[in-house]
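Read top to bottom, the protein sequences are chains H and Y.
So for the first sequence, the working numbering puts the first residue at 1; every next one is plus one.
So for the second sequence, the working numbering puts the first residue at 1; every next one is plus one.
To be clear, the hints were calculated from the coordinates, so they are not data collected in a lab.
Values in this document were obtained by computation on a predicted structure and should not be read as measured data.
Hints may contain errors.
Computed list of lysine-lysine pairs in DSBU-like fashion (alpha-carbon distance at most 35 Å, straight line) [stated by the list, open to error]:
| # | chain 1 | residue 1 | chain 2 | residue 2 |
| --- | --- | --- | --- | --- |
| 1 | H | K60 | Y | K282 |
| 2 | Y | K170 | H | K151 |
| 3 | Y | K563 | H | K34 |
| 4 | Y | K526 | H | K151 |
| 5 | H | K151 | Y | K580 |
| 6 | Y | K282 | H | K78 |
| 7 | H | K60 | Y | K554 |
| 8 | H | K151 | Y | K563 |
| 9 | Y | K170 | H | K60 |
| 10 | H | K34 | Y | K19 |
| 11 | H | K149 | H | K60 |
| 12 | Y | K237 | H | K151 |
| 13 | Y | K571 | H | K151 |
| 14 | Y | K514 | H | K60 |
| 15 | Y | K282 | H | K7 |
| 16 | H | K162 | Y | K62 |
| 17 | H | K149 | Y | K170 |
| 18 | Y | K442 | H | K149 |
| 19 | H | K149 | Y | K237 |
| 20 | H | K60 | Y | K289 |
| 21 | Y | K563 | H | K60 |
| 22 | Y | K464 | H | K34 |
| 23 | H | K34 | Y | K580 |
| 24 | H | K149 | Y | K301 |
If you want the footprint, here are the derived chain H segments under chain Y, 3+ residues with CB under 8 Å [to be verified]:
| # | segment |
| --- | --- |
| 25 | 11-17 |
| 26 | 112-118 |
To give an idea of the chain Y side of the interface with chain H (calculated C-beta under 7 Å), a few residues [stated by the list, open to error]:
| # | residue |
| --- | --- |
| 27 | S10 |
| 28 | G16 |
| 29 | F188 |
| 30 | R191 |
| 31 | E224 |
| 32 | A264 |
| 33 | E280 |
| 34 | G349 |
| 35 | V416 |
| 36 | A531 |
| 37 | A533 |
| 38 | G536 |
| 39 | A539 |
| 40 | Q555 |
Glycine is no exception: its CB is placed at the ideal position from the N, C-alpha and C atoms.
Chain by chain, the residues:
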Amino acid sequence: MCSCNGKPSDLSLLDGVLAEYASVDGSLITILQKAQEIYGYLPTDVLYRIAEATGQTPAKVLGVATFYTQFRFRPVGKYLILLCQGTACHVNGSERIADAVYETIGIRDGETTEDGLFTLTHVACLGCCSLSPVMMINGSTYGSLTPAKVKEILTSLARSDKEEA
Amino acid sequence: MIRIAVGEGSCGIAAGAGKVYDKLASLLPEDMRPGVTGCIGMCFLEPIVDVYEDGKLRRYVKVDEAGAEKIASAVTTGDFEAARSLEILPEDEEFLSKQTRIALRNCGVIDPTDIQSYIDAGGYSAITKILKEGVTPEEVIETVKVSGLAGRGGAGFPTWFKWNAARASKGEKKYLICNADEGDPGAFMDRAVLESDPHDLLEGMLIGAYAIGADEAVIYVRAEYPLAIVRLTEAIKQAEERNLAGDRILGSDFSCRFRIKAGAGAFVCGEETALIESLEGKRGMPRLKPPFPAAAGYWQKPSNINNVETYANVAWIINNGGEAFAAMGTETSRGTKVFALTGKIKKGGLVEIPMGKTLRDVIFGIGGGIKSGRDFKAVQMGGPSGGCIPADLLDTVIDYKKLSATGAIMGSGGMVVMDSSTCMVGMAKFFLDFTAKESCGKCVHCRIGTKRMQEILTRIVEGKGREGDVELLEELCSAIKDGALCGLGQTAPNPVLTTIKYFRDEYDAHIREKRCPAHECAALLKYSIDADACRGCTACARNCPAGAITGTVKQPHVIDPEKCIRCGMCKTVCRFGAVKVD
Ligand SMILES: Cc1cc2nc3c(=O)[nH]c(=O)nc-3n(C[C@H](O)[C@H](O)[C@H](O)COP(=O)(O)O)c2cc1C
Ligand code: FES
């Protein structure tokens, strides 16, 4: 649960969120979600700041954050891949898709590529089961995947990123 | 008058509806701008474009950008022949015509982003009638009682009973909650309603809030449904603008403010008391019942919690009367139920039918049977809490009691169809992986019991199963059923018990013969090359990542079983079908 790069986070970014929600009962999860939108993940110093502002112990805040799979404690890549491992996707070969991701960019569930471009997270169901197997990258859904299609999607994202740079 | 609507549910968009929309918008004149509609439920035909001309509907399916051009030119020239090849086939139309739609009645028909579209379809007339004609809360509850509506979230508990209990509970402050957590992987009925007809949900919730005496309504939506959250937020805003939500609705004394809470990814939060804990900003761990939410729920106040589909039926019931709803279905299950048909099915999508039809009616009659031409093996219902129903029980009637008798459950509506290539032991392991991961850890039986079951199933699919493992699993199942606090643990054994009950031979083949009859468990596959079929093209040897294949050009090749990693690459690249798997 480190801030990884060692640098302290800019806590002033949280002020607006805390002003709106810190004193509203039951808002801890909402605050954590907003914080993650701001920082991309939940750095330790941010968790401490939230604890202080909401008057809860850091242990309680971390306890809630670690309970839910949405929250991350390490920075994520530019492209967050949500790979569905739900029932319909499983029946239609999602394991082969996970292997194809690994063969293309070398990461497994929970990992980030060294260049910081991709993070892979397995999820239970994206609700597009009839297009299974399915993955979602930064909010766009890709359906009826095959290993070849996955390779093509990921390499073209990596390529367009290089061209941008 | 021509009206054009592009189906933009999550699945339509995933299939490319966005691009089709843009193309149409760029080609059509201003007065024919395309509109959007939600998910019609024919996911196997997405993207879908509907063209209404003076009430007559032409439905175009599997439309890509080239197709959009054809449609645009047909619409502008009036010569529809050119786009004929894109029109839906009569046998696919049957997918809809064989259904009876209540909860989904507006899905894929109206524009979910526009409240007027819902109102034009008769929307908000039920709550208007109640408020303007002075229908009492008791009368509302009585109508729901007559309808026989039962909870569509899985347990099938009578809705009127919960409403009545919450109404009877003492207290000034009460809450009405909607469970839109839809956690069963493989199910998306609720998503369709949220995205395609959000106002129907709001109206159902308003009626529920009025019935129990709540002035605050909360919708708990799972984080994986971003579009649903967008559409709901917009719908609430529009309803407030028309005084159909908020304070003193339609000038009456009834007020109801809506709020959305996004879930954060935890299956157990679909359980009602865990959901309430999560709403309060805590770890989503179930509470001991009683007290039930109707007595002490959200912030310990009387609360009523129902599933999305449950609420989606309410406005229809008020408008058409409880008797009309009760007239459909069976003695113990009234009305219609929505199912999400997926897996190895030919026509996957959303199916709403009256209770009392058979599984065969749904899977073969509407879904068209198995996609691959293989044999139907089983249908999984109820997700991680449910079970697998085998082929010889396909004539089972869809009814809460009859389905439970098979060992599966009605569940929330997920129907995942499997063919002979699906390993049933692998399926049981899949669900135990899921429940072991999602167990919140509160009770020992669930936390550790599911873990032990997962370990046993893992060793079986890896070919390390031992004699007696099945009996051990059964013992664990009964201990977990008895010892778990909430439904997650109590029902976690169901996928294992049903597969043992109906597919014991597959367990035995794995354990005794180290063989996977479905050829799915990688560790148990044996790859070999049929020397007669092999032409010695060397494709397999060149592509084998493990260097396990040897042979000379034009001579039969061989696979070294010691080196083989069973990835299946050789089988994929062989053009002569010479690679055999056992
Ligand atoms: C582990 C578990 C997960 C559940 N998930 C859901 C869910 O995702 N959606 C839902 O509506 N009900 C779910 N339920 C059922 C709810 O606890 C509750 O019965 C339901 O929301 C009540 O609404 P209904 O009476 O309208 O069905 C779940 C139950 C358990 C035990
Ligand atoms: S199971 Fe993968 S989208 Fe539902």
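Here is what the structure says about each hint:
no.: 1; hint: H:K60 with Y:K282; in the structure: holds, 9 Å
no.: 2; hint: Y:K170 with H:K151; in the structure: violated, 60 Å
no.: 3; hint: Y:K563 with H:K34; in the structure: violated, 50 Å
no.: 4; hint: Y:K526 with H:K151; in the structure: holds, 27 Å
no.: 5; hint: H:K151 with Y:K580; in the structure: holds, 27 Å
no.: 6; hint: Y:K282 with H:K78; in the structure: holds, 30 Å
no.: 7; hint: H:K60 with Y:K554; in the structure: violated, 68 Å
no.: 8; hint: H:K151 with Y:K563; in the structure: holds, 26 Å
no.: 9; hint: Y:K170 with H:K60; in the structure: holds, 32 Å
no.: 10; hint: H:K34 with Y:K19; in the structure: holds, 31 Å
no.: 11; hint: H:K149 with H:K60; in the structure: violated, 43 Å
no.: 12; hint: Y:K237 with H:K151; in the structure: violated, 42 Å
no.: 13; hint: Y:K571 with H:K151; in the structure: holds, 20 Å
no.: 14; hint: Y:K514 with H:K60; in the structure: violated, 48 Å
no.: 15; hint: Y:K282 with H:K7; in the structure: holds, 29 Å
no.: 16; hint: H:K162 with Y:K62; in the structure: holds, 33 Å
no.: 17; hint: H:K149 with Y:K170; in the structure: violated, 58 Å
no.: 18; hint: Y:K442 with H:K149; in the structure: violated, 41 Å
no.: 19; hint: H:K149 with Y:K237; in the structure: violated, 40 Å
no.: 20; hint: H:K60 with Y:K289; in the structure: holds, 24 Å
no.: 21; hint: Y:K563 with H:K60; in the structure: violated, 50 Å
no.: 22; hint: Y:K464 with H:K34; in the structure: violated, 47 Å
no.: 23; hint: H:K34 with Y:K580; in the structure: violated, 53 Å
no.: 24; hint: H:K149 with Y:K301; in the structure: violated, 51 Å
no.: 25; hint: 11-17; in the structure: violated (count 0)
no.: 26; hint: 112-118; in the structure: violated (count 0)
no.: 27; hint: S10; in the structure: holds, 6 Å
no.: 28; hint: G16; in the structure: violated, 9 Å
no.: 29; hint: F188; in the structure: holds, 4 Å
no.: 30; hint: R191; in the structure: holds, 4 Å
no.: 31; hint: E224; in the structure: holds, 6 Å
no.: 32; hint: A264; in the structure: holds, 4 Å
no.: 33; hint: E280; in the structure: holds, 4 Å
no.: 34; hint: G349; in the structure: holds, 6 Å
no.: 35; hint: V416; in the structure: holds, 5 Å
no.: 36; hint: A531; in the structure: violated, 28 Å
no.: 37; hint: A533; in the structure: violated, 25 Å
no.: 38; hint: G536; in the structure: violated, 26 Å
no.: 39; hint: A539; in the structure: violated, 16 Å
no.: 40; hint: Q555; in the structure: violated, 30 Å
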